[in-house]
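Enquirer: Sequence:
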Amino acid sequence: MITGIRMVVALLATIAIVSGVVAAALALTGGGARTGSPEPSMRVVSAQPLRWSPGACVRRSGDRYDLTGCDSGQSEVVAVAADPPGLGQCPDDTDDVVRIGDARTACVRDFRAPHAGVPGGGGGVLRAGDCVALDGRERPCSRPGWYGRAIAVTREAAGCPAATLDTLTADGVICLGGGGRVLERGMCVSRPARDVVTRSAITRVACSSGRAWAQVRSFEAAPARCPKGADHYLESRGAYRPVTCLRLRSK
Numbered sequence: 000m001i002t003g004i005r006m007v008v009a010l011l012a013t014i015a016i017v018s019g020v021v022a023a024a025l026a027l028t029g030g031g032a033r034t035g036s037p038e039p040s041m042r043v044v045s046a047q048p049l050r051w052s053p054g055a056c057v058r059r060s061g062d063r064y065d066l067t068g069c070d071s072g073q074s075e076v077v078a079v080a081a082d083p084p085g086l087g088q089c090p091d092d093t094d095d096v097v098r099i100g101d102a103r104t105a106c107v108r109d110f111r112a113p114h115a116g117v118p119g120g121g122g123g124v125l126r127a128g129d130c131v132a133l134d135g136r137e138r139p140c141s142r143p144g145w146y147g148r149a150i151a152v153t154r155e156a157a158g159c160p161a162a163t164l165d166t167l168t169a170d171g172v173i174c175l176g177g178g179g180r181v182l183e184r185g186m187c188v189s190r191p192a193r194d195v196v197t198r199s200a201i202t203r204v205a206c207s208s209g210r211a212w213a214q215v216r217s218f219e220a221a222p223a224r225c226p227k228g229a230d231h232y233l234e235s236r237g238a239y240r241p242v243t244c245l246r247l248r249s250k
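Quick note: the sequence shown uses numbering that gives the first Met the number 0, first residue 0, plus one each step.
Source of the hints: derived by calculation from the structure; they are not laboratory data.
Positions of the beta carbon are idealized from the N, C-alpha and C atoms, including for glycine.
Each hint should be verified, as a subset may be incorrect.
Stated by the list, open to error - Computed Cβ-Cβ distance ranges for the label pairs, DEER-style:
1) Arg59 / Ala223: 51 to 57 Å
2) Ala157 / Ala223: 19 to 25 Å
3) Gln73 / Ser199: 50 to 56 Å
4) Asp134 / Phe110: 26 to 32 Å
5) Arg136 / Leu49: 26 to 32 Å
6) Ala132 / Ala192: 45 to 51 Å
7) Pro226 / Asp134: 30 to 36 Å
8) Ala132 / Ala162: 17 to 23 Å
Whenever a hint applies, use it, and build me the whole structure from the sequences.
Expert: Next comes the structure, spelled out in structure tokens:
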């Protein structure tokens, strides 16, 4: 009987030892429950290609614009338009228009002032208040070399406002008001070499000058519409209201 009890005690001791060894092995090999923060997973992000599209950022170097990340960009593409842009294709606050190929242009606005696209600034979309040279290209009003100041830009000359004194043709019709070298009513001019002359070639002079040949009375579509008191006219074929009605100061 005593022998049987001893055998049971020995068997229980053996089982306890084996269980302890197994538990220790599991702890060493990580077989038990893990504690602490899980290892972070790695995610691969592919760089998106830069494209000429609204929201893209560009950087300027001289007259060249290049796409770049927006963390180093100087300007933003606000629209993509035809080359040249049609009326209304670029927003009014566009500072510059960039040719990007495939008969397309990008309408660009700078992140910081000064903005060339403000009226008279010399850049961006041509609109009322901008100054233009004879070739229809915009020029800063603060610099010399421009011919007239736009009061409207329309598709046809018939759409110009009543205050229009002259027009230029570019991508549409540029309706010009006073300012620059545009002739105005009341101005005096020197005598041209002939009576058919481009209006931009008519030379303005001070009315007190000995060169003052005639004074501008009005601009009309035909000589018969010249006002009373006009005794001469010059014709600028193809111009807006091509007849310049004059009153001679010296004969």
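Enquirer: Compare the structure with each hint and give your call.
Expert: We went through each hint and held it up to the structure:
no.	hint	verdict
1	Arg59 / Ala223: 51 to 57 Å	holds (54 Å)
2	Ala157 / Ala223: 19 to 25 Å	holds (20 Å)
3	Gln73 / Ser199: 50 to 56 Å	violated (37 Å)
4	Asp134 / Phe110: 26 to 32 Å	holds (30 Å)
5	Arg136 / Leu49: 26 to 32 Å	holds (30 Å)
6	Ala132 / Ala192: 45 to 51 Å	violated (24 Å)
7	Pro226 / Asp134: 30 to 36 Å	holds (32 Å)
8	Ala132 / Ala162: 17 to 23 Å	holds (21 Å)
Checked against the numbered hints given earlier, this structure breaks hints 3 and 6; the rest are met.
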